[in-house]
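Given chain A, work out where chain B should sit, using these hints.
Residue numbers (the numbering used here), protein chains in the order written: chain A, 1 to 85; chain B, 1 to 544.
Simulated from the structure, these hints should not be mistaken for laboratory data.
Heads up, none of these hints are tricks.
Examples of chain B residues lying across from chain A (beta carbon under 10 Å, computed):
#1 Gln71
#2 Ile72
#3 Ile77
#4 Glu81
#5 Glu83
#6 Asp84
#7 Phe111
#8 Met114
#9 Glu119
#10 Thr309
#11 Glu312
#12 Phe314
#13 Arg319
Predicted model only: the values in this text are computed from it and were never measured.
Glycine is no exception: its CB is placed at the ideal position from the N, C-alpha and C atoms.
Listed here are the chains, written in short residue letters.
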Amino acid sequence: MKTFDFTVTDKLGIHARPAGLIAKTAKEFSSEIVISKDGKNAVCTKVMALMGLGVKYGDRITVTISGGDEEAAEKAMMEIFATNL
Amino acid sequence: MKIFKGKGVYGAAAAGKISVFKRRDIQVKRVKVDDPNAELLRLEAAKAEAISQLREIYERALKEVGEANAQIFDIHIMMIEDEDFNEAITGTITAQSVNAEYAVASAADNFSQMFSAMEDSYMQARAADVKDISNRIIACLAKADCQSESGGEPVIICADDLAPSETVTLDKDKVLAFVTAYGSSFSHTAILARTMNIPAIIGLGDDFLREIKDGDMAVADGYTGEFILHPDEKTIAAAEEKRRSDEEKRELLKKLKGKENITIDGTKISIFANIGSVDNIGSVLLNDADGIGLFRSEFLYLENSDYPTEEEQFKAYKRTLESMGGKKVIIRTLDIGADKQADYFKLDKEENPALGLRAIRLCLTRPEIFKTQLRALFRASAYGNLGIMFPMIANVSEVESALELCEQVKEELRRDNIEFSDNVELGIMIETPAAAIISDRLAPLVDFFSVGTNDLTQYTLACDRQNPHLEQFCDVHHEAILRLIETAAKNAHAHGAWIGICGELAADTELTETFLRMGIDELSVSPSFVLRVREKVRSLDLSK
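Pulled out of the complex, with its shape left as it was, chain A reads as follows (with noise of 0.2 Å):
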């Protein structure tokens, strides 16, 4: 399992545009990847989930991956969330 903490920069937070490219990304992958924030977490294949999650600028997120391509899947994830969030 690997997992990272973000903090999120981008003004309007993860919005539908960056929502949609975590999920695209996300299905990529057969391994799992869950976004928590506050105690609540969302499947990142999921697009409704994440949006429904609000997160905002500011927010601190930690981001959870497991499974057979976890190493590739976290790579991918942080070059997302760095370049878009």
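Positioned in the frame of chain A, the structure of chain B alone reads:
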């Protein structure tokens, strides 16, 4: 006359007849079914149809409003495919043995309530997206045509609210304005209306809905947010006048969009756009600019209460570069001084801020701020076609120092294994008379010059551009300024550099011919001037 007050989301006006938007209102009834499996099959077919419609709309939006705005339809597709949403629908069908229409509607209700209940007004607006996709699936289940019909003369479309896909599928030539009772300025519909240049007013309320009738005259003024029912002649004439001038712009667009910037005798020039924020990219694309000739990076600093981080800057630059595809984007490094500063810079008050510690001078005295920006810029360079330019150059040593810092930043990125482009063009602003006069010594150091005519004028003529009493002394066509530009152009070309103009003079069509004859390679103007300058260029014949 009766005036309703709403919120204008796109500044433009129109007068015309009302058309009350008729949604194919499909009443969803809960019906027991004998064979839930057959309902699941119907659902799958309807979803596939909805997705294929959305793909088409996406393609259409891509052409009309650009990728960044078209993406919402891509996200609509993902929402239709969303696991939770689908489980909710199929769960209802199988557990309750009910029709697919009802299952879709009730799942959509739950999800849109989830969004409506969120604190953030941006996320609340996503409830409309959920409703939009569910209506689409339901329409497909009913095999109804999801497109809305419109025919005859152009009308003001009035509705309770409009879904993004409804906005984009309406025939734009038949729409004078979008006017809605509800909606939010964060909605994708508002964003789309803005990018399509159609006057739009939202939030006119229930009274408005009750009083509108098909065929009644009205005026929609997106500048003021006013919707005027049964307007008098004067009001109509004023709105018509505003509309005519907008129409002229649209005509220009139709005539010149996609055309080359080429004179009758075959001389070509690039026409770029100036922008002051990432939000302006839509109008850059819409007005068909060849690139961005001046991206004023100050807004990242002025909007913030503290220095913007490397990450924040990187994201803004990357988004701009990606939105512009492979087109050139020239970002000017921080141009800030005592007259235009953010508090956290804590700059001393100056007697003469225009002649003070500003722009490159400030950056070179506070290299840590400058390097943060340069790192963000070079990192973003991997995502498009970037040029970087330094403002307020007066000395060779300033250019050398700036280039040296660029080398340091690139070295650090290489060391950290961070990707950047090797083809970033580096240039300087020619906005002091000194820079123009020694342009023969500056040109060998850089890839391009960009003439900032506003400052060049004020420094050459010793005229404060903010002082209204100086207008009669401040001849923007002064020979001294034109000679300085010509000198810079000659010297740039002698050393293999190119030269553009990004100040207000670039949009002055009285000078377009003069600039072309000097051999200026690029003019960068406000997005709304791009096509006007193109029109001028195409009317000139330099062989005469």
